[in-house]
Amino acid sequence: MQGHLIKHFLLVSILTSVSLSLFAQRQYTFNAEGNRCYFNYVCYAPNSNYSNVRRPFVFVLADEYEDPMDVFKADKIKDQPQFYNYLFIYVPNKYGSNTDKLECLESLTSLITFGYAYGHTNVFLRVLDPVIKQTDIDLTGLNKTYKSVQLFEGTNKTLAQDDQIAEDFKEDTEAYGAIKVDDRDQYGTFYVEDEKNEAVVSNQKAVKTYFGPPNEYDFTLTGIVKDRSTGEALPFSTIQIKGTQKGGSSNADGYYTIQQVPSDTVTLIVSYVGFEKTEVFLSPAINKKHFVIELVPTTQELQTVTITGIRQDVVLSKREDVSVIKMTPKKLEQLPNLGERDVMRSFQLMPGVSASNESSSGLYVRGGTPDQNLVLYDGFTVYHVDHLYGFFSAFNSNALKDVQLYKGGFESRFGGRLSSVTEITGKEGNQKKFNMGGDFSLLSMNVFAEIPVGKKFSSVIAFRRSYKGPIYDKIFEKFNTSSSTTTEQTGGGGGFGGNRSQQTKVTSFFYDLNGKFTYKPTTKDIISFSIFNGTDKLDNSSSFASPSFGNSNSNFSMSSTDLTKYGNIGSSLKWSRKWSDKLYGNTILSYSNYYSDRDKSQTRTVTNSDDETTTSSSGIFENNDLKDYSFKSDYEWNPSDFSQLQFGVFATYFDIDYTYAQNDTTTVLDKHNRASLSGAYVQNKFKFLRDRIQFVPGIRASYFETTNKFYFEPRASVTVNLTDKLTLKGATGKYYQFANRVTREDILSGSKDFWLLSDGNSIPVSSAVHYIAGLSYETQNYLFSTEGYYKQISNLTEYSLRFNTSPGGVSYDENFFTGNGYSKGVEFLVQKKSGKLNGWVSYTLGQARNKFAVYSDGYFPANQDVTHEFKAVLMYKYKRWDFSVTWIYATGRPYTAPSGAYTVTLLDGSTQDFFTVTTKNGLRLPDYHRCDMAINYKLLGGVKGDKKRREIGYVGFSVFNLYNRINTWYKQYSIEDGQVIETNVNYLGFTPNVTLSLKLR
Amino acid sequence: MKRMLFVVCSCLALLAQVGCKKSEVSEFTDTPIIEAYLEPGDYLTVKISRQIPFAGNAQYSNDDIDNLMLTVTYDGGTHVLTPLGDGTYIDSTISVTAGGNFSISFQFNSKFVTAYTYIPSKPQNMTQSATEIAIEKMDSTSGPPTQTTQPDPIEIHWTNSDGSYYLVLVENIESVLDPIRDFGDNAPPGNRFRKSPTNLGVEEIRSSDFQYYGTHRIILYHVLPDYASLYESTSTSSQNLTNPSTSIVNGYGIFTGLNSDTLYVEVTQ
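Protein sequence lines correspond, in order, to chains H and G.
Mapping of the first sequence onto my numbering: position 669 corresponds to residue 669, and the numbering continues sequentially without gaps.
Mapping of the second sequence onto my numbering: position 94 corresponds to residue 10094, and the numbering continues sequentially without gaps.
Rather than coming from a laboratory, the hints here were simulated on the basis of the structure.
Glycine is no exception: its CB is placed at the ideal position from the N, C-alpha and C atoms.
Possibly wrong hints are sitting among the right ones.
[Claimed, not checked] Pair ranges (Cβ atoms, derived): (1) H:Thr-613 with G:Ser-10208: 16 to 24 angstroms; (2) G:Gln-10269 with H:Thr-615: 20 to 28 angstroms; (3) H:Val-841 with G:Asn-10067: 44 to 52 angstroms; (4) G:Ile-10173 with H:Lys-537: 44 to 52 angstroms.
[Claimed, not checked] Looking from chain H toward chain G, a few residues come up when the C-beta cut is under 7 angstroms (computed): (5) Arg-802; (6) Tyr-902; (7) Val-904; (8) Gln-912; (9) Phe-914; (10) Thr-916; (11) Glu-976; (12) Val-980; (13) Ile-981.
Whenever a hint applies, use it, and build me the whole structure from the sequences.
What follows is the structure, given as structure tokens:
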């Protein structure tokens, strides 16, 4: 400890003494008299540090007969702040041929840069002699010596204030690390093992190096926040000026702008979930137009004495925004899972998001349904997020970088949904090194590769496929236990004859593929192409053939098809550009398709003795096809310190088809809707009282082609930082939804839903109004948060064949019913953010009610209504082990059941039985509760005994539903001989899983 | 610390407010079943019954099914129906006539139950394509049919200019039934069969529809849409618990008017 202090003192004193001799150039002689390369040259280090070789060098070759000292004096470039830590070397011009003039440069350069100790990357050349051309440079091979050469092109040689120089002679700080520091230090996540009780700083922490006076005041700082290990931009990270409330956050592409930074010597505190909170020291030398902040992923530490950084784990409730939860997929493995790390499942552990839906990866947020949650993946909308009946989400966590959930009261830049927004940003891929890895579990295998090409191109490809392992089978069987028993009436011809052969050929799987390709032509432009394809094929078909039946000579065969195929294809092309320090924009072209084909039918083929074949099918044929073509252009303009204007335009063309048939001739529903939705929004982020108050008013206006109407959505949110720890929040807003997932009520075999576009009549445009108020208290280690919400919903649509609106059954279109609803509730969260033992406890009290005139006169509990929901998540770290336990308790969901029967005698004397049902959702399933746990053991690269070893993966053991609680998913009914047979369809019981995850870095 | 206390207190207050509401669980609702066919020439008769609950612990309301206050409004006057027991109520002062409007109402399980209907017109211009149809006898001893062509179906025509619903019912009126086919181990079918309700002006009766030889009565009912929907419900899949659309409020069943005409046909060997 003492030694550390002395070192610190020494460093400070050296820096102080150097700063006294500021702005002094030095003159040196190269070689001895008589040598062909004998001359005097001038060196100038703006920061007066002449000994550092970890810096860029700019060699300036003077014009003929020009004295280097005169060139030095006239040069204005050297005083530009971005060259503060450079070394300028002014070299005289020897006469003769162009080759002669250049001859000695290389040897001098080699000398001064210590034989290119840090490569050729940061060595630059300016030539002030107009005679020398690029061909001369190429001829002498100097193009290999210097990273960039700037030739004199007839303008005033001292002027050269252009941006080109700043760009051409840009420092590449990574180049130093590449040699000096062990490769492993730079890329990947590390694990520091320390047996002694000694304070070891796990990562190279930034050290304050500049102790001089500030050079600039009230300036605008702009740049990008990146992950140091991969070079990936970090979206929505928080930047705060130490000691003030002032700050900002990076945008979706990692870019940030902070206006009116008090001085260029302040300290920034930069934080991002899953990364260490970092202090960044500004100095006059930094490039204020493009200041790169690099964060280091959290390192596992064992020592108890020092906590070097504040670790923010897995999920985080954002303090500065209303109802926003943020998550980093990187840390997801710490939570228990059912075979797959899953972002959607992890959100379900937070308050306000229902966790009792094992069969839906879609989020039920604050009494809303999954279709009311907008899911944006790299800018395109994903309409269906379920894999394997919803037990897994369609998002491969290996391909994701950042996920944010807006639980309500969201901003004007999002639209088209009533309840919430999930914004997912895909990984751009490691920009420094090739990386690959894979996860292997009892459910699926999952591989990914990150391939950078040059400095400007990066890519990531991830692929996942299930196999029919024990977990897959277990879930699949939930659905398909009874479907193989089929009773067929064969009419008056008697029973089956001959031997029946039954064949079952089952091929079921899901897969998904993610790809993202990013090209950064300049520091201001990002062009990225993202593609996503996920497919589920669930097949439980069987067939049997009987050579003959009855007395006749006919052949009979029957096949039972139970095939569900659904999936998503989505892609987006995005161009982001930082137009200036104050204006940032991105434009997205996107396409999204969701399709679902369901065929649960029996096909009978009868071949009679005359070889005439008749085929008939009966059952359920359901087909839903949704296409979304979108264009979006969003801008952020920071006109002043206290205001950030965001505005944009959008247009979407929807093409949604739905058909539902009960046999090959009866089509119950056949909907084809196409329409465009276009509009614009504007919102402004105001900051008052030294950023203590943030107020965001906004408005969104949309024009919907079908209804030929304009829809205006005014919204506003406010956060007030009463103290450093206590924050008050509020939000309100109006929301419209044009494409809805309509529930098709089916009491007997479980309701299903499908996407439809509003037609303005039987399926109206739905709308909601949100009111949210909350309070949060955050300390270094704890977060206490509570939020209350009230949501009014109008024009909900449900489809039910339970009501015979027109006898004769001409139009099933009339079976769409419109209703209203509301949901309200309060959420509580207590989170311990750091320490070996961390986690959170949350409780939600909620109520979701709907009112459909067709069902009842008053409000009834909505399908997704959950009164009490309690969730606890505990995580504990011990050496290389991670332990976690979660427990979920939720009130049972409401359901409707057949309640009785009655008989009507018809005119011909026969009787007809009818069934009545309970009041809509008048019953409740038993309460849901479940405990999961997980143990992960980290796998390390390197040699045992090394202090710092690279983390290359983990072995995870996870148990789902630890105490084998039987939770009811839904109830199935069959009516046989006037009796109702009730079957409980249950969720998964005790299910263990093992995962092996490996990665290069 | 004070602030923390404030936070906790306000949370608890909110919790108490929302948490005090009783959770509502309602299962079986005792809703009455009405059955009444109002045909010209008959007295107004209504039968009230109860649903059969599925749950063993379901509770009926205290209302006595045989002692309800059923009132009927007809022709501007209100009458109280007389209970006959077993849920049947009658008003012998009202004879049903075509074109009449009827509505009934009563209290049941704290709800006001109502229903209304009217009597449709008598079917017009009912004709038949044949008065006799010859069908070959078939049984296990005679083997497969030797007839190469089926006899032409009998077509029944009537005037239906407004797309009303009609229903054809065929009834064998012989005192001893003489089967056409050997029914084997199956129970012999009844002496009546019906066609599905139609809103056309024609119906076919095929030879295969007939089960017995002898004189048959063909009754053509002019029915209302709510009666037609009883048949509609049976044809849709059982996955939907469809209840027929009726005029009955706070109840189930059928309360409908109808009118008929009759022709005869002879089935011979």
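We went through each hint and held it up to the structure:
no., hint, result
1, H:Thr-613 with G:Ser-10208: 16 to 24 angstroms, "23 angstroms, holds"
2, G:Gln-10269 with H:Thr-615: 20 to 28 angstroms, "37 angstroms, violated"
3, H:Val-841 with G:Asn-10067: 44 to 52 angstroms, "59 angstroms, violated"
4, G:Ile-10173 with H:Lys-537: 44 to 52 angstroms, "60 angstroms, violated"
5, Arg-802, "5 angstroms, holds"
6, Tyr-902, "4 angstroms, holds"
7, Val-904, "5 angstroms, holds"
8, Gln-912, "6 angstroms, holds"
9, Phe-914, "6 angstroms, holds"
10, Thr-916, "6 angstroms, holds"
11, Glu-976, "10 angstroms, violated"
12, Val-980, "5 angstroms, holds"
13, Ile-981, "10 angstroms, violated"
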